[in-house]
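Colleague: Sequence:
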Amino acid sequence: MSRTHVSQGDSCDVLVIGGGNAALCAAMSAAEAGARVILLESSPKAFRGGNSRHTRNLRFLHRKPTPYLQGAYLEEEFWDDLVLVTGGKTTEALARLVIRGSEDVGAWMEAHGAKFQPPLRGTLHLARTNAHFLGGGKALVNAYYATAARLGVEIRYEAEAVDLEIENGRFRAALVREQGGERRIAAAACVCAAGGFQADLAWLKEIWGEAAERFVIRGSPYDTGRVLRTLLARGAKAVGDPRQCHAVAVDGRAPRYDGGIVTRLDCIPFGIVVNREGKRFYDEGENFWPKRYAIWGRLVAGQPGQEAFCLIDAKALSLFMPSVFPPLEGRTIGELARRFGLPVRAVEETVAAFNRAVRPGNFDPASLDDCRTESLEPPKSHWARPLDTPPFYGYPLRPGITFTYLGVGVDETAHVLGEDGRPFENLFAAGEIMSGNILGQGYMAGFGMTIGTVFGRIAGREAARHVRG
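With the numbering used here applied, the sequence shown covers -12 to 456.
Fair warning: there could be bad hints in the mix.
[Stated by the list, open to error] Here are the simulated DSS-like pairs of lysine-lysine, each with C-alpha atoms no more than 27 Å apart in a straight line:
#  : residue 1 : residue 2
1  : K76       : K224
2  : K125      : K302
3  : K224      : K266
4  : K76       : K125
5  : K51       : K32
6  : K32       : K76
7  : K302      : K278
8  : K302      : K102
9  : K192      : K76
10 : K278      : K76
11 : K125      : K102
12 : K278      : K51
13 : K32       : K125
14 : K192      : K125
If you are wondering where the hints come from, they were derived from the structure by calculation, not from laboratory data.
Given the sequences, and given the hints that come with them, work out the whole structure.
Modeller: Here it is as structure tokens:
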């Protein structure tokens, strides 16, 4: 690594690159094991936490009810849910490691400053599987930073790792850009937890072409993938399909970056979705929303102009969490279509065909009910009711990228693997940067935080163990 004007002399036992949930879990775990830890957060302090500050919950195994979870959620059901959303594209040993390792995360998180709220009611269907943070992800991140500081972790903001010095499978140092200059930070071990590449538009365009120009980045604009690209260039094994990602349908009026969870639209199961041509293109009621919401970003990305429109009527308006933006309204379907600039006749025909295909049933937003369509392609398998109650409402949809699944290979001790499958001696990874080992495609609510928490703790513990020798 050849650079000019690089200051020397900084060192620590464990260097953690990243500032979100996985990085913080690694830093706290390493510090508790006796290591001297430096954590590098590339963002300013006000934006610390990466995507984690936009989260609401995480999913974990539990054998009985808790004050913030109903019932039980055991390993085989957890595994079956993961297989369903990934289509089996997962590394079972690592996935089961995460599932089993999640059993104690609730207590561990509370011991490190997290607070949970009572189970949520309503149509998200998460009261049994997912614990929600009191105050959301930002409150969780703030609590973790306070705990990390108490444990002696040195936290540096606006400190971007721009290169990694790796020799013969061993991490030596990171080149860090901060305070207008560059400095070399040496460490006995390093944990890379700097997220995916979703905020690097040029990289997205390498994968998606010009369509990426119309993507919305739901989270941090600082997740540029620089550490990921460096690891791959230094011989780390690549895992995951670069086209696969956690991508949801967000309100088309959302900001390009950092809009967060409030821009997500949860109306889709209770209406129909049409593209620019006024045609439906997928089953809106295929399964419970937390098991299907993360496919809709990719579905919308495949439509003309990378946009779509969710249409509902008055009887559905109270069934879902509203977006931060109000819906457009029309007294008739035709008027609503005109407001979106859609072909009126095509939309009217699509709605009429859908209404004719609906078969009566017992509508129940809390179950996979028997309200469905018949002889319609694509079908709507559940929660199908005619759009017949004015006024009619609609939301514009865009693909909202949360994080990408291309990452580096890891083993069960969170060691980064080389292209030959052998682990780097003292280099570890946790969080989004290695999630492609487990998420080959698809997503289920709260699971990214589970991966980050479990592997963050493993990475921090193993890095400290390496330091101790």
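Colleague: Against each hint, give a clear statement of whether it holds in the structure.
Modeller: Against the structure, the hints come out as follows:
{"no.": "1", "hint": "K76 with K224", "verdict": "holds, 17 Å"}
{"no.": "2", "hint": "K125 with K302", "verdict": "violated, 34 Å"}
{"no.": "3", "hint": "K224 with K266", "verdict": "violated, 42 Å"}
{"no.": "4", "hint": "K76 with K125", "verdict": "violated, 31 Å"}
{"no.": "5", "hint": "K51 with K32", "verdict": "violated, 38 Å"}
{"no.": "6", "hint": "K32 with K76", "verdict": "violated, 37 Å"}
{"no.": "7", "hint": "K302 with K278", "verdict": "holds, 24 Å"}
{"no.": "8", "hint": "K302 with K102", "verdict": "violated, 36 Å"}
{"no.": "9", "hint": "K192 with K76", "verdict": "holds, 24 Å"}
{"no.": "10", "hint": "K278 with K76", "verdict": "holds, 15 Å"}
{"no.": "11", "hint": "K125 with K102", "verdict": "holds, 12 Å"}
{"no.": "12", "hint": "K278 with K51", "verdict": "holds, 22 Å"}
{"no.": "13", "hint": "K32 with K125", "verdict": "holds, 12 Å"}
{"no.": "14", "hint": "K192 with K125", "verdict": "violated, 30 Å"}
Figure legend: structure checked against the earlier numbered hints; hints not met, in rising order: 2, 3, 4, 5, 6, 8 and 14.
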